[in-house]
Amino acid sequence: MPRVLLIEDDRAVREGVRLALRRQGHDVTTAGTGEEGLALLRSFRPDVVVLDLMLPGLSGLEVCRRIRTEDQVPIVMATARGDDTDIVVGLEAGADDYVVKPVQARVLEARIRAVLRRVGGAPNAEGIPKIETHGDDGELTIDRAGLAITRRGAPVSLAPSELRLLLTLSASPGQVFSRQQLLEAVWEHSYHGDSRLVDACVKRLRTKMGEPAGQPRYIQTVRGFGYRFQSR
Amino acid sequence: MKRPLRGLRGRLLVAFVLVTAVATLTTGALTFREARIAVLQQSQDTIIKRLRAHVDGLAPGIAYPPTQSDLESVAQEVAAAEPAQNWRVLATYRDLRATSRPQDAFTELTAGMRSAVGSRRAAVFQRVTTDGRSSLVVGLPVTFSEPAERSASGVSVFLTVPQTGEQGYVDALVTAIGRAVVPALGLAVLLALLAARGVLRPVRELRRATRSIAEGHLDTRLAVNGSDELADLSHTFNETAAALEESVAELRRMEARARRFVADVSHELRTPLAAMSAVTDVLDEDAARLDPDTAMAVRLISGETVKLARLVGDLMEISRFDAGAAGLQLDDLDLAESLRRTLAARGWQDTVDTRLPGPGELRGRVDPRRLDVAVANLVGNALRHGACPVQLRLYAREMPDAADDGGWAVIEVTDSGPGIPADVLPHVFDRFYKSDTARTRSEGSGLGLSITAENVRLHGGTVRAANREEGGGAVFTVEIPLGQEEKEVRET
Chain A
1 MPRVLLIEDD
11 RAVREGVRLA
21 LRRQGHDVTT
31 AGTGEEGLAL
41 LRSFRPDVVV
51 LDLMLPGLSG
61 LEVCRRIRTE
71 DQVPIVMATA
81 RGDDTDIVVG
91 LEAGADDYVV
101 KPVQARVLEA
111 RIRAVLRRVG
121 GAPNAEGIPK
131 IETHGDDGEL
141 TIDRAGLAIT
151 RRGAPVSLAP
161 SELRLLLTLS
171 ASPGQVFSRQ
181 QLLEAVWEHS
191 YHGDSRLVDA
201 CVKRLRTKMG
211 EPAGQPRYIQ
221 TVRGFGYRFQ
231 SR
Chain B
1 MKRPLRGLRG
11 RLLVAFVLVT
21 AVATLTTGAL
31 TFREARIAVL
41 QQSQDTIIKR
51 LRAHVDGLAP
61 GIAYPPTQSD
71 LESVAQEVAA
81 AEPAQNWRVL
91 ATYRDLRATS
101 RPQDAFTELT
111 AGMRSAVGSR
121 RAAVFQRVTT
131 DGRSSLVVGL
141 PVTFSEPAER
151 SASGVSVFLT
161 VPQTGEQGYV
171 DALVTAIGRA
181 VVPALGLAVL
191 LALLAARGVL
201 RPVRELRRAT
211 RSIAEGHLDT
221 RLAVNGSDEL
231 ADLSHTFNET
241 AAALEESVAE
251 LRRMEARARR
261 FVADVSHELR
271 TPLAAMSAVT
281 DVLDEDAARL
291 DPDTAMAVRL
301 ISGETVKLAR
311 LVGDLMEISR
321 FDAGAAGLQL
331 DDLDLAESLR
341 RTLAARGWQD
351 TVDTRLPGPG
361 ELRGRVDPRR
371 LDVAVANLVG
381 NALRHGACPV
391 QLRLYAREMP
401 DAADDGGWAV
411 IEVTDSGPGI
421 PADVLPHVFD
431 RFYKSDTART
441 RSEGSGLGLS
451 ITAENVRLHG
461 GTVRAANREE
471 GGGAVFTVEI
481 PLGQEEKEVR
491 ET
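Listed in order, the protein sequences are those of chains A and B.
Letter by letter, the first sequence follows residues 1 to 232 of full-length UniProt numbering.
Letter by letter, the second sequence follows residues 1 to 492 of full-length UniProt numbering.
It should be emphasised that the hints constitute simulated quantities derived from the structure, not laboratory data.
Just so it is clear, the structure is predicted and the values come from calculations on it, not from any experiment.
Glycine is no exception: its CB is placed at the ideal position from the N, C-alpha and C atoms.
Check the hints yourself; a few may be wrong.
What the hints assert, rightly or not - Covered by chain A, according to a simulated footprint, are these stretches of chain B (three or more residues, beta-carbon under 8 Å):
(1) 273-280
(2) 305-317
(3) 327-338
Next up, chain B with everything else stripped away, as it sits in the complex (with noise of 0.2 Å):
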């Protein structure tokens, strides 16, 4: 897997600690919200209260105006009340102000809510964090309960109380709620493998099985388990390639019978075409003696054998091809010398121009009579269909990239003929296609070029049919590897 993130496994395993991430810290954090008010609360609600039990008890013994020493022993009696909590005291009227302890500046007292104190006539609190260390201020008005209505004093007493004991369950809650997550996410990994490996199984059983039937193996069926999505799918996969498989074996068995009719008329059609094609001597020489019509009638059927006979050939050449029946006959052969000698047994040596390399220059192991076949249709193609001057070059080609040390030969057929139309040209090498519709009947077969390419394609090689690019005429080029296989029947 190259990039296992984007897989399904990933996703899944990504999805399912999100999820569990997500589970957790809310509820974590909402605990903790709810657990700390809760905590603080009544931590304050207890400091406040009683808070104002002492203020209450001492403020009917305040003189007014209070002096400094006053204030003083205010401080000290409201801290000295409750020597476990560690209190800080500070009591102020107007300038003056006292503190329980000497010299304290109690900085965590601030402006705002030293003048909330003074205008309101309720305690204030507030908490306050200094140096990472958090405490309560709590602020409260000394209040005359005489004359009637209670009116303010002035005086103010004000109260920091450390929350260590507090912080410490505020921090074992976050403490907790972390250790709850890591495990939680690691449950969440395990399952997320675990419905991965379920769902990919299946998911892989179907791309192995996909692939087979992609390489052929049309028999390819998946074991069906269960009943969900999946087990649904695998169902369908199953029905398609069954459907696949048998459409498949119908189209063949057509194109075999298809295949078998070519075949069997072709067979037929030699034993007929054996007799004709022994006595078109007879005739063609016995026609110069004849009346001119039976001359012409005459040498008319002997040329039309000839043609037939050809026709019937190619036609059988092709079935073996279909029939997968053409196999090599591998030779050590000099190329050019080859070449050679496919234009001279057809007569041709004069008639096309060559552009061979010398003897003994580029030797290949190819089949000859294939190679003979195939190159003899290309010029015989070129004669019929261009114009002279037909040119026969040969050369091999260097593979720069060469995998294959043997090289390539190539062999260019080229005419001076108009060339092939733009929409002929992908066609030429199929089977009995006739680039002029009118001319019904053309002098070869029909099938020459489409031998040509399956003699070709035999060797593992290429042929392509294109036009000058100077214009006028056509360029078959044939590309055929040298270095063989060894196919050969085994010998000795």
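For reference, chain A alone in the conformation it holds in the complex (with noise of 0.2 Å):
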């Protein structure tokens, strides 16, 4: 029973997508503000929040920035279709994935599940705990199994999707991903296109680890192609 905090302020919405998510066999809970959602994360402890971009009072993007500052949950964004600053703000503040409202059930179900399944750790062929290391000074680890990365031996706290990209670009160093082999290979999307949401995740994975602006170390831009991983 994946248990779903779904932040949104309209009621109509709320009980709509409560009583479809109920349907597949999540236990929802609901929040009807910003402030209230942050509050039941800590209670009920969500394995995913679904939230509503536009939310009186505290918006759902600072909801998203506050959830990131202490917890690596998994957030869909509920967002106005194609506002694509919007969607770009959201994606950098920290959300996996978004959906575009209105959305019928089945798709924020599908991307729902698509979300959980990625936290469940990465693909680890030989199942042996496999701790690398990057960069000329062995500044950056990555723990396949532990699911844990370190830099100059601080941990990078990272969420799920920006976690999977990581781990996706680093397994091949030196190889050239395309945006649409990652959107596949991270976000699971059979429906193609959104690059957006690559270049936001790549942004802020960037960010986190420290590369210098400007001047990535390690996931660098292949222009009008997509990213590689550089190890050294």
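Using the hints, build the complex out of the two chains.
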């Protein structure tokens, strides 16, 4: 029974989504405001948060940032369709995925399931604990089994999509991944095309890894094509 | 200026020069004519008077009928009377002739003049030009004063006087006129240029301002100087521009309000729709267990909610295009793969017949989401309004006159339906245009094709609709340049 926290100000939408998700077998708790949602986060301990971007008072964006400061719980943002800046800003604030309203319950459900699957862990064929080091001085370590990243010995706290993106890229250092490939590997989108998701996530990941602005050391942009991981 | 003589400056120049030339030459010609007549008249009067005086003085002494020597002495005496004038004299009586100089052929004398002197009693004169030198020929019959009536003696005296002096006067006159014309023409050119500048400067200003308005700078105004017609024109121009600016501003305000309204309405519709959309699956699932009437009602609501959600989505997409908020998120894609995904995402891969290039054969920089929307709308439209088989083709088009080396991709969606009526064809990309007015609602939102057109336009491409030449079915052709400009948000 996946536990879903739904933060949505409109009562009808809240009830409708709760009804639909409950039918799919989710344990749903709802909050009408951002403050209420943040409070429930600690008591309810959800597996995934579905967050409306436009909330009265504390905005969805702010709620997203606050969740990210203390928790790596996956966040699916429900946003006004194609308000492109909203989507990008939301993704940069730390959302793992987004759906566009109005959304059919099965689409939302599929996104939730995909996000939850990713948290289950990155693929590891050998199943052997393996810690890689990257960089000239070995400053970056990736523990594929323990899903832990450290930089100069300090743990780097990553959201599920960020972690998964880093694991995917670093699994084949030097190989160029197109945004499309990353979208499928990391977000499991059958629908292709939202390269913004990839770009926003890369940007966030770079920031968290302390990459110098304008000169990324590990995750490099291959102009007009995609990204690659540079080990040294 | 390509054709300097066709311009205002050239025309003014030509007009000024023509007027000056005509005026100067007419004045010169008239002056010349009068002066020449005056000069010649005076000299010939003097000459005739003197000749008559000399002849009259000699006439009584001439024996009658005169002999050759008589005539010779007459001729020589008359010539000797005016040594300074270089007179040449001929005296004749019937067949006898004597000249003041020996062997003088006296070629200036014409037969007509000779007979005129023979038949009249007055002096006859004629100006003759031989070898470029003009001379005056005067003929005078000698008359007897006795008996009472004057009668012709048959003796005639002819005189030739070279008119070099008079010719000199006339030549000087011509030279003077000529000298006057050249500076006058020069002055005319100068004045023409000044006048042209005076006229052309405001005209040029006007041209610049008109062009500026045409380029969309509606706040262009002219500086009004003076109070002539050109100033009036500038003034009128300013008023027109101000009126135009005001109208355009008003239109833009109205249009912005209308767009804002559409965007607001769509936005407001989204929240209730979000609630309804969330539960459509629940309704569909439960409908099977309800009694038939309720089940039908439930399914109807579910279906209409899905349509409404699509309509609102399309409306919001259109408002974003109208607001200019739609941007390109370019990515380097395998286009054939992209089209396959578009079909697969909607479950059309088995319905639609494809003719696509192989993997990696046709790559391009496009916005994947917008390309997907554009193609999905075209294929969906073909499936709904046309008939199967629907064919999706993709191929590269080489540009023979390629300025853009990137080339173009052509996407063709063909159906096998009845085709599009000719009167509908120009409107298929219009919003909410229904080909069949009786069918007030179709399955689509009525916005799909205009969204396609906007998406293609955003890529710098074109989309057009036509019917298949061999009949049966419509063809929609999208052409997109492959080498898009780098418009990506700056990364790193």
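Structure-based check of each hint:
no., hint, in the structure
1, 273-280, "holds (count 8)"
2, 305-317, "holds (count 6)"
3, 327-338, "holds (count 7)"
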